[in-house]
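J.: Next come the chains, spelled out residue by residue.
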Amino acid sequence: EAQVTQNPRYLITVTGKKLTVTCSQNMNHEYMSWYRQDPGLGLRQIYYSMNVEVTDKGDVPEGYKVSRKEKRNFPLILESPSPNQTSLYFCASSFGSIGLTEAFFGQGTRLTVV
Amino acid sequence: DQQVKQNSPSLSVQEGRISILNCDYTNSMFDYFLWYKKYPAEGPTFLISISSIKDKNEDGRFTVFLNKSAKHLSLHIVPSQPGDSAVYFCAARGAQKLVFGQGTRLTINP
Chain A
66 EAQVTQNPRY LITVTGKKLT VTCSQNMNHE YMSWYRQDPG LGLRQIYYSM NVEVTDKGDV
126 PEGYKVSRKE KRNFPLILES PSPNQTSLYF CASSFGSIGL TEAFFGQGTR LTVV
Chain B
16 DQQVKQNSPS LSVQEGRISI LNCDYTNSMF DYFLWYKKYP AEGPTFLISI SSIKDKNEDG
76 RFTVFLNKSA KHLSLHIVPS QPGDSAVYFC AARGAQKLVF GQGTRLTINP
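The listed protein sequences derive, respectively, from chains A and B.
Residues in the first sequence are numbered consecutively from 66, following my numbering.
Residues in the second sequence are numbered consecutively from 16, following my numbering.
In case anyone wonders, no lab produced these hints; they're calculated from the structure.
One thing to keep in mind: the hints can contain errors.
Label pairs and their calculated CB-CB ranges [to be verified]:
(1) Q29/B - P148/A: 17 to 27 Å
(2) I77/A - P55/B: 29 to 39 Å
(3) G128/A - E57/B: 21 to 31 Å
(4) K69/B - F160/A: 18 to 28 Å
(5) T87/A - R76/B: 35 to 45 Å
(6) H87/B - T177/A: 35 to 45 Å
(7) R32/B - K136/A: 41 to 51 Å
(8) A110/B - T87/A: 22 to 32 Å
To list a few chain B residues with every Cβ distance to chain A over 10 Å, as calculated [unchecked claim]:
(9) V28
(10) Q29
(11) R32
(12) I33
(13) T41
(14) D70
(15) Q96
Backbone N, C-alpha and C fix where the C-beta goes; we use that ideal spot for every residue, glycine too.
Construct all of the structure, not just a fragment, from the sequences and the given hints.
T.: Spelled out as structure tokens, the structure:
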């Protein structure tokens, strides 16, 4: 089954404690990206990757890091989380370097930073 | 600076009637537009799309209309069904990324 898998689904952490949200896709997609969803703001892109070892900033990259060492995985790293990073996060992947037709989304990770 | 806007946070429609969701954009360089549907506790799923060279695309009960001169697109759902109750996001493609609107919560009443 074609899917994008994110882990964990829910996470409560404390300010400053480094965390990683994993994302894996089994469709051999080149393009992967991370979004955060906040009330009234919709989905905003954090980082994206057009292929292995190729990553770039989206609209709201501050406080986040990513890496793309393998095609299937695209983890999101928060080195020192802060309460304003409390949000619902989605990983997405799509076919092709332009990558932006029917993106497949993971189920989301609800992060709370206290 | 919100390049893609959905000005209606919510919409309530009676079952069997037409649902019309609207979306406005500001960037004339966007070349492809998409609608996504999102149920609670799930990720968005692709619904329908339209290229900027077209003005209409239809898929079953769903039709998307694009008015480039007005920088406006709309999603029509006919007839509306209870399972259509969800949050709908429009998105526009440009510069290696998708830009999303804020979403509209559609509720279909029996």
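J.: Now, for every hint given, state plainly whether the structure supports it.
T.: Now the hints, each set against the structure:
no.: 1; hint: Q29/B - P148/A: 17 to 27 Å; verdict: 41 Å, violated
no.: 2; hint: I77/A - P55/B: 29 to 39 Å; verdict: 19 Å, violated
no.: 3; hint: G128/A - E57/B: 21 to 31 Å; verdict: 26 Å, holds
no.: 4; hint: K69/B - F160/A: 18 to 28 Å; verdict: 21 Å, holds
no.: 5; hint: T87/A - R76/B: 35 to 45 Å; verdict: 36 Å, holds
no.: 6; hint: H87/B - T177/A: 35 to 45 Å; verdict: 37 Å, holds
no.: 7; hint: R32/B - K136/A: 41 to 51 Å; verdict: 45 Å, holds
no.: 8; hint: A110/B - T87/A: 22 to 32 Å; verdict: 27 Å, holds
no.: 9; hint: V28; verdict: 21 Å, holds
no.: 10; hint: Q29; verdict: 27 Å, holds
no.: 11; hint: R32; verdict: 26 Å, holds
no.: 12; hint: I33; verdict: 24 Å, holds
no.: 13; hint: T41; verdict: 14 Å, holds
no.: 14; hint: D70; verdict: 19 Å, holds
no.: 15; hint: Q96; verdict: 22 Å, holds
Hint compliance for this structure: hints 1, 2 are not met, and every other hint is.
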